[in-house]
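Asks: Start from the sequences and build out the full structure, keeping to the hints where you can.
Residue numbers (the numbering used here), protein chains in the order written: chain E, 416 to 798; chain U, 9 to 367; chain B, 19 to 331.
Certain hints may be false.
Result set (SDA-like, lysine to any residue): computed pairs, CA atoms no more than 25 Å apart in a straight line [claimed, not checked]:
1) E:514 x E:599
2) U:276 x E:619
3) U:276 x E:508
4) U:147 x E:503
5) E:771 x E:730
6) U:276 x E:486
7) U:147 x E:482
8) U:276 x E:482
9) E:771 x E:725
10) U:147 x E:723
11) U:147 x E:625
12) U:276 x E:551
13) U:276 x E:669
14) E:514 x U:267
15) E:452 x E:708
16) E:437 x U:214
17) B:221 x B:73
18) E:592 x E:575
19) E:514 x U:277
20) U:276 x E:503
Because the hints were derived from the structure by calculation, they are not lab data.
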Amino acid sequence: MSQAHTQEGGDDILSIQELKLKFHTYAGEVSALDGIKLSIKKGELLGLVGESGCGKSVTALAIAGLLPPNAEVTGGDVVLDGKNVLALKPEEMRLARLKDIAMIFQDPMTYLNPVLTIGSQMAEITRAEPKLFVSTLVNYRLRQIDKQVEGTNPNPGLPAERERLRHALESQSLGRKELNELTRSYAISLLRSVRLPEPEKVFEMYPFELSGGMRQRVMIAMAMMRRPKLLLADEITTALDVTVQAQILHLLKDLRSEINTSVLLITHDLAIVAEVCDRVAVMYAGNIVEIAEVHELFRNPLHPYSKGLLASVPRADLTRTPDSIEGSVPDLLSPPSGCRFHPRCPKAFEVCPSRKPSMIEVAPDHYVSCFLYGGLNGKNNNT
Amino acid sequence: MVFVLFALSVLIFYLTRGLLPPTTALAPYINPRLTDAGKLSIARAVGVATSSCPSFSDFAALQNGCITPLWTQYLYWLKNVLVGNWGYTLLPGISGTESTWSVFFGRFPYTAELDIVAAALTFLIAVPLGIISATHNNKAPDHLSRIVSLGGYSIPQFWFGAMLLLVFVLYVRIGGLGLLPASGALGTTCALCFSNPGTITAYTGVPLLDALLSRNIPYFWDSVVAIILPAMTLAITSLGLLTRIVRSNMMEVLRQDYITMARSKGLKERTVVYSHALRNAILPAITVTGLLVTYLIGGSVIVEIVFSWPGVGSAALVAADVLDINFLELFVLVAGVIIVVTNLTVDILYAVLDPRIRY
Amino acid sequence: MSHEMKQPEKNPAKSRRQHSDLRFALHLLRQNPIVMAGLVISVATVVLALLSNLLVNGAYWHQQNLTLRLCWNNPAFGWPVTNLFNCGGQVYPLGTDAYGRSLLQMIILAIPIDLQIALEVVASAVVIGVVFGSLAAYMGGLIDEVILRITDIFLAVPWILLAIVLIVVLGRSLTTLTLAIIITWWPWYVRLMRSQVIGEKEKLYVERLKMMGAGWPRILFLHVIPNSIYPILVQSTLDIGSVILTVSALTFIGLTPNPLLPELGNLSNQGIEYFFTAPWLIIFPGLTILIISLGFNLLGDGIRDIFDPRLRR
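Replies: This is how it looks when you write it as structure tokens:
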């Protein structure tokens, strides 16, 4: 299980309030998000679990402003580091995606352009807005120079280069050639930091020449290049073998500490959650049903759905086959009324079909959205 | 593809020599002043009559034993063709002693010039149109560009050429002259023309090139002015297919995951469309070049007639009227070579440009 | 109080898919006024063709008066060219052709002729293409090679050259015209059908049919072909417009059986001769060709878009 990770600062890097979203399809309107509440603290690794189709990826896309044209946000806020993301103009949103939010996707084969080299797909990031990357690139090179100067036989041209770079840092601009060279060496160092062998070679390769695990590392390196405030990782290990999975997850954790990024880790695999997350949110049919610190959730799941999920995980120490939750995921074209889980809930009672339960803090930092724990009178706490 | 050309020659040969009377093949060589014996010896020389044929009238009456079997005729013809002997042509204005080869290739540069300019125009218009259509899918620019490309595909080439002539020669007149020339490859009587462009040296036979090489700018201008309308006619009617392919490729590519990824990296939309999407979409589109070339060569026949363009297309029609098989055979085979070579080049280019195939 | 968890599945999966196919199709149709326009034009053309003999006397074009009598006297608008001849008392809405026949009536008579040729060509090309294409794909091996090579040969020539040669050697008649176009058209259908069947024959149900002992004719004709024929039908709709363009191009350059025949290319041929003095003679027949082929092209293009699986949401 993961080690306890001290939260830095009390501030939330991300706060989603009552986000409602629907899709207009030829078959009708799909109610994908039904007023979700979610927050991530700075430096935290939050897991978002749920079955396929419950809206996890949609949430991430909404945060990043990458929703398809037929999606419509019908209510709520998404506040990233103080800015309301939904209210941003497209150009501002693009800059936010460049510098503040990075997203890594599930299948690195389809998410990398097959006809461009890895290197060019990394270099285009700094070329998009060179000004934003001047500090990062120059500081990286300065650190390199410092190390070289202290070492044996330093290149005599280094002090002059250092002066040039300091000048560039002050004026916040870089020549084209210098930008390309610095980007290249910075990118290669990132490829090295994600533990890719022979990063210089990888830089010149095409995606199809790499294995799945290597491509996923490349994606992580691309994300790290921007030093984002928030990293959205959407099922990043689903397409990989178990052994590679573990490596990628640990890599993620290490990088998170290095750069102090907050991470939203989306997955349907509880084992992953147990491995790396600080807190976890459980999602069902477009609603967040429970949020808790990870040990707390595994020890004391409150929502019937969370209980069902945990009970259905195969365990080596039990001899009987795990239980499954009865019924199937609802059709979001015409979702169940009230609490969307009530048709499958073993503990459902009269009020469940009639209203949606609100999120209540049942124990310190442990939130649940279920009438079993209150909310009947509308008097209990909301987050 | 050598096999294809070979088979094509067999096909054309059997169609023309087999279905037309044998005297047709002799037409360019025979003039009425020759005696029967003279005609017969020519018929034997061309390989159509057997040596055992008694007289020319027997031959003309298709007597048995007088006409060499078709496959023998073919071999004889093939032997000649492979050494460059394509016989004589019947086109009027040529005395009948001009070789098919020289008449054809005297006119061919004009058709080539027209087709190349038209091809360039087609690409220049179709590709941006397809991109705009895909990036503004189902909105006004998409509808407009689809109308243009479908419209181009539906317009009769002769009609469009005629309409252009009507507008720019008949109705838009400056100083009593039409804006653009009415016919020919060199415009001298139009409002925009130089009336006395001088002469050029024929380095290549292609007027535009030769004018540049001879540093004769008025001549070059007059050639440009003359080529605009026919080239536009060809281009507008050919761009439908290319636009549609670029559009559907772009639309498919824009739905790909790596486009979402590119956007998620914060790249400008213009970078996403051109560096990522277009790169992937344009590659399959070049496979349509072979079709385009076929279409352009065929279209030249009609367009050259409408604009009285001195190329091989307009000559082909005259050749058909006078049953000049030599000319038609040469035309078909040259067209075949061009198309086959184009397709081959495209295949090679595709393999070179797609990194996945290279490895 | 017991809440219906879910509506019971009323429709089996297959008909639900068809139902949503249709809804999707109508949804796209509504989004696409252009395709609607295509549909309207195509239907109008067919109706006009069917009714043409009711509107105009079928023998009208057989006029024997071959003296030149071009004129225009539509009071609504005129042309900036001088009238060649006096029209006489009758008003001709679209002017007359070179033989003094009302252009409007000639066009109405021409539509069914062109449409008929187009339908004959397309139908024949479809049949040939389906038969040979599916045989080539299904049988594979030598048969495939041979058929493929033959299509290669035909596709290496610009269609118009081949058509010219054919008409020259076969003589000029409507039949040879139709035949010439069929011969230049069929290779496309063979290729198209072949690629469809190649994909189709790998599907599981074919394997199952083989295991059940069905003979190859049965599998091919009763199952594989009906399932792969869709793109062919789309293409054939598009091609009706293209064939009309082709026919009129061929008659325009003079490969017509009879210069008097009411046929859109024929009329245009006259038109280009008297181009600068009687522009209406090429404008209106050409415009008719344009509208008809545009109608079918819009329709075919729209159908293709609607049923292209790659463009689905």
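Asks: Could you check the structure against the hints above and give me the numbers of any it violates, in ascending order?
Replies: Violated hints (numbers, rising): 5, 10, 11, 13, 16, 17; every other hint is consistent with the structure.
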